[in-house]
Amino acid sequence: MSTGVTDIIRSVDDLTRLAEGHRQKLSQQRTRVLVCAGTGCIVSGSLKVYEEFGRVLAQKNLTVDVSLVSEGKAGQVGLVKSGCQGFCQKGPLVRVEPSGILYTGVSPEDVTEIVNTFTDGSVAERLLYKNEDGPACRTQEDIPFYNLQTRQVLTKAGLIDPEEIGEYLAADGYRALAKALLTMTPREVIEEVTLSKLRGRGGAGFPAGAKWNEASHQKNKPKYIVCNADEGDPGAFMDGYLLESDPHSILEGMAIAGYAVGAEHGIVYVRAEYPLATKRIKIAIEQASQIGLLGENILGCGFSFDVEVFVGGGVFVCGESTALISSLEGKVGEPRQKPPHLADRGYLGKPTVINNVETLANVPIIIRGGAEEYNQRGTEKSSGTKIFCLTGKVNNTGLVEVPIGIPLRHIIYNIGGGIKDGKKFKAVQTGGPSGGCLPAEMLEMATDFEELAKAGSMMGSGGMIVMDVETCMVDIARYFLNFLKDESCGMCFSCREGILRMLEIVEDITEGRGTAESLELLMETADMVKSASMCGLGQTAGNPVLSTIKYFADEYRTHIIDKKCPAGVCRELISYTIDAELCTGCRACAGKCPEKAISGNKEEAHIIDGTLCSKCGICLVTCKFDAVLKS
Amino acid sequence: MVTFELNGLEVSVEEGTTLLEAAKFYGIEIPTLCYNESLSPYGACRLCLVEIGTSSRSRLVSSCTYRATEGLVVRTHTSRVVQVRKVLIEMYLATCPSSKVIQDLASKHHVTRVRFKQKHEDCILCGLCIRMCDEQMQGKAIDYVGRGDKRRISTFFDKKSEECRYCGGCMYICPACQARCQGPSEKEAVCNACLNLSPPCLEHFDDVMCYMDPCVACEEKSDRACKK
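Sequences listed follow chains A and B, in order. Reading the first sequence from the start, the letters are residues 35 to 665 in the working numbering. Reading the second sequence from the start, the letters are residues 8 to 235 in the working numbering.
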C-alpha cells in the first residue's frame with residue numbers, strides 16, 4: 035500500500051508544506067469525478083460505475099489520475115472512490131468537480147454520457163436529482179436533502195478519498211492536532227472540550243470533557259483511548275460511514291484525546307460486520323504512522339500515540355463500555371458493575387477513555403474553531419450537531435446531520451421529504467432497539483438528549499426509523515424484543531428472562547391470545563427490567579414496550595379486545611376474502627397461492643379456504659380487479 | 008473507613024465493603040439467590056437490589072456487587088425495591104417452581120400468584136456452580152455458553168470434561184437442583200405452604216426470636232387450609 039507520501043512530518047512546517055503540495059496537485063486536475071464508495075452505493079453497484087469510468091476515460095484518451103501517487107500533471111481527470119456522500123436512497127452517486135454537479139442513480143451505461151459532458155461543458159440533465167414539485171437540482175447544494183442539513187462533521191465525507199491521507203491533509207487535516215500539541219497544554223484541551231459541551235454521541239450523552247478530566251487525573255499508567263465503533267442498532271450506520279468516509283478525523287480526535295488525558299495508546303473497536311470500515315481505518319492508521327502523524331514524537335513535540343484496530347465478534351452488548359473492555363481483554367463480552375469507572379480501571383485495569391466514533395470526529399472541529407464557535411450550534415445543554423440515520427418509510431433515506439435540538443418534523447419532512455407514497459405518518463423510532471416510538475403529536479419536539487428521554491425514547495446512537503400507517507406498533511415492539519432477546523448477554527435474570535417474558539406476552543397479543551391483564555403485566559415487567567438490570571441494555575430494554583403502550587395504547591386494546599390488527603400486519607388477526615361481485619374468476623390468485631387455499635372454477639367467483647390460508651397476501655397483490663379483501 | 012447512609016442511619020464500613028456485606032453487618036436482611044459468602048459476587052439474580060441516591064436520580068443496583076462509597080445514600084426496602092423484587096420472584100416461580108429456595112422466597116415476600124406462563128426449567132443461570140467449581144474446587148470444568156435466551160451452562164465444547172473431578176460441588180451449591188420443593192404441581196406453580204405456618208414460639212416469647220428462616224419446625228396453622 036503506497037500512500038503517495040514519502041516525506042516524514044517532523045514539524046508543523048512539514049505538515050503545512052505537505053498539505054500545500056497536495057492542494058496544488060488536486061488543483062491541477064481539470065475535472066475530478068467522485069464516485070461514492072460508501073456501503074450503500076457499493077451495494078447498488080457504484081464499483082462497476084467506477085470501473086466503467088476508468089475504462090471510458092482511457093478509451094477517450096483522457097489521462098486518468100486515479101490517485102495522488104502520480105505527479106499530478108495539469109489537465110488530468112481525477113477519478114476517486116469517495117466515502118459516503120450521504121444520499122444513500124439515490125445511489126450510486128457521482129459528483130463532478132469543480133462544477134459540483136451531483137448525478138444520482140448512475141449505472142455503468144450512463145458513464146459515457148457523463149464523460150462527454152466534461153469536454154463540452156454540458157450537463158447530463160437526465161441523471162440529476164429532481165424535486166417532486168421543483169426543478170432538477172444541479173449540485174448537492176441545490177438539493178433540499180443536503181442544503182437543509184448542517185454538515186459540520188460530514189463536511190469532508192464524500193468529498194475526499196478516504197484511502198488517501200493526502201486528501202485529508204489538503205483539507206486542513208491534522209491541523210487541530212498540531213494546534214493542540216503546539217499551542218495548548220493538555221489541561222487547556224480538556225477545558226476547551228468541557229466548554230464546548232460536547233456530549234457522547236453513542237447513546238448515553240455523557241459529557242466528553244468530564245470523562246477526559248477524570249481520566250487525566252489518574253496516576254496509573256499506561257492509559258488508553260478506545261474508539262467505540264461497535265455500532266449494532268438496527269437502522270443505524272453513521273459510525274460505520276464515518277469510518278468509511280473520513281477515518282483520519284477519528285484518528286485525529288483520538289490523538290487529541292490521548293494528548294489531553296496522557297494516553298499513548300489508542301484502540302479502535304470495530305464490529306466484524308463492518309469490513310469496509312475496518313479496512314479503511316487500518317489503511318488510515320498505516321498512512322498516518324508512515325508519515326509520522328501517529329507513532330513516536332509526533333510533530334517533534336515529544337508526544338507519542340499509536341492506534342491499533344480490534345475487530346469485535348458482532349455482539350450487540352459489546353457496545354456497552356464495560357462489556358467492550360471485557361471483550362478487548364479476550365474475555366466474554368459481559369458488562370460489569372460500575373464503579374469502578376473505566377477512567378479509573380478500564381482496559382487491563384488501566385485508566386481508559388471510551389468515546390464513540392462520532393464524538394471523536396467532533397473533537398478536531400472543537401479544537402480548530404474553539405469552543406465558542408462550536409457552541410453556536412445546538413442547545414444550551416448540548417452543543418454541536420448530531421448525525422441521524424434516516425431510514426424507513428421516508429422519501430429520502432441516508433445520513434442526516436443537523437444541529438442538536440432541531441424539531442423531528444424538520445428532519446422527517448423537510449430533509450427526509452415526507453412519507454413514502456404520500457401515506458400518513460404514524461411514528462418515528464429513535465435510539466435503536468432500546469429507544470422508543472414517538473407519535474405524530476411529538477413531531478414538533480426538539481431532538482436533544484433531555485427531550486427525547488422525557489418522551490420515553492432516547493437519542494441513542496442516532497438511528498431514526500420512520501413508520502407509516504401500515505406499521506403495527508405491537509408488531510414493532512415484538513420486533514425489537516425479538517432482537518433484544520438474542521442480544522442480551524444473559525447475565526441478569528431480570529434482562530434475560532424479562533425480555534423473553536415481555537416477548538411472550540406481546541406475541542400472545544399479536545396472535546390473538548391477549549387477555550385483559552396482559553397490558554398491566556407487560557408494563558410491570560417492562561418497569562422491572564428497566565429498574566433491575568445492570569447495564570444500559572437492560573435498563574432501556576423496556577422502552578420499546580413502554581413507549582408504544584404510552585402512545586398507542588388503543589392499538590394494543592384493539593388487538594386484545596377486538597382481536598384485530600388495525601394496520602393489517604399481525605397475520606393471526608387478519609383474514610383474506612374474495613368479493614364475489616368483483617371477482618372475474620381469472621384463476622390468477624389460485625395459481626399463485628402457495629397453500630392451494632383458493633378454489634373456484636374459471637369465470638366463477640373464487641373462495642378462500644380460511645383453514646388453509648397462511649395469510650401471505652400474495653392473492654391480494656396478484657388480483658388486478660381489487661377483488662381480494664383484507665380485514 | 009467509608010461512611011455512608013444506610014436506611015437513614017450513618018454507618019461506617021471498611022473500604023471495599025459491598026452494600027450487601029454492610030447491610031448484613033448492620034442487621035438488615037436482603038434476600039439473595041446467586042450470592043455465597045465464600046464466592047466472588049456476580050450480580051446475576053438481581054434479588055439483592057437496593058436503591059441508591061435520592062429523589063429522581065435514584066437507581067437500583069445489586070448490593071452484592073456495589074461497593075460502599077463515601078456519602079452514598081442507600082435504602083434497602085423502598086417501595087420500588089419491594090415492587091421490583093416481587094415481579095422478579097414471580098418470574099423465578101414461573102421459570103423454576105421446583106426449587107425450594109425460590110418457593111421459600113415467594114412465601115416470604117408474599118408472592119402468591121404467577122401471571123406468566125408456567126415453565127419448568129431447572130437452571131436459573133445464577134452461576135453459583137461455575138464459581139464454586141472455579142474458586143473453591145480449582146476445577147474450571149464448567150462455564151456459560153452462548154448469550155441471551157440461548158445462554159446455558161456446560162463443559163467446554165459440550166464434551167466430557169477432563170477437569171471435572173466429580174466432586175459434586177456444583178450440585179451442592181445449586182439452589183435449583185439440590186433442594187427440591189415438593190409442593191408445586193404441573194399446573195399450580197405456587198406452593199406457599201410456608202405461609203400457612205405460625206410460629207409456636209410466639210406463645211412463649213411474645214415476639215419471634217427464632218433465627219431459623221423460614222422455621223421449618225413450626226406447626227401448621229389450622230384455620231388456613233394447607234395445599235399439601
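If you're looking for bench data, these hints aren't it; they were derived computationally from the structure. C-beta: ideal position from N, C-alpha, C; glycine also. Check the hints yourself; a few may be wrong.
Said to hold, decoys possible - Here are the simulated lysine-lysine pairs, DSBU-like style, with alpha carbons at most 30 Å apart:
#1 147/B to 107/B
#2 597/A to 194/B
#3 164/A to 454/A
#4 213/A to 255/A
#5 372/A to 157/B
#6 157/B to 365/A
#7 372/A to 31/B
#8 147/B to 167/B
#9 124/B to 584/A
#10 365/A to 147/B
#11 147/B to 372/A
Stated by the list, open to error - Stretches of chain A that chain B covers, calculated by requiring three or more beta carbons in the stretch to come under 8 Å of a beta carbon on chain B:
#12 528-534
#13 577-590
Hint check:
1. Restraint check for residue 147/B and residue 107/B: satisfied, since their Cα atoms lie roughly 27 Å apart, inside the 30 Å limit.
2. At most 30 Å may separate the alpha-carbon atoms for a hinted pair to count; residue 597/A and residue 194/B meet this at roughly 27 Å.
3. The hinted pair formed by residue 164/A and residue 454/A meets the criterion: a straight-line CA distance of about 16 Å does not exceed 30 Å.
4. Simply put, residue 213/A and residue 255/A have alpha-carbon atoms about 25 Å apart, close enough for the 30 Å limit, and the pair holds.
5. Simply put, residue 372/A and residue 157/B have alpha-carbon atoms about 26 Å apart, close enough for the 30 Å limit, and the pair holds.
6. The suggested pairing of residue 157/B with residue 365/A holds, with an alpha-carbon distance near 18 Å, which does not exceed 30 Å.
7. Straight-line distance between C-alpha atoms of residue 372/A and residue 31/B comes to about 22 Å, which keeps the hinted pair within the 30 Å bound.
8. Of the pairs offered as hints, the one joining residue 147/B and residue 167/B holds, with about 13 Å between alpha carbons and a cut-off of 30 Å not exceeded.
9. For the proposed pair residue 124/B and residue 584/A, the alpha carbon gap of about 24 Å is at most 30 Å, so the pair holds.
10. Among the hinted pairs, residue 365/A with residue 147/B is consistent with the structure: their alpha-carbon atoms are about 15 Å apart, no more than 30 Å.
11. Only pairs whose Cα atoms come within 30 Å are accepted, and residue 147/B paired with residue 372/A is accepted, the gap being roughly 26 Å.
12. With 6 residues having a beta carbon nearer than 8 Å to a beta carbon of chain B, the segment 528-534 of chain A meets the requirement of three or more and the stated coverage holds.
13. Under a criterion of three residues with beta carbons nearer than 8 Å to beta carbons of chain B, the stated coverage of the segment 577-590 of chain A fails, only 0 such residues being counted.
Checked against the numbered hints above, the structure violates only hint 13.
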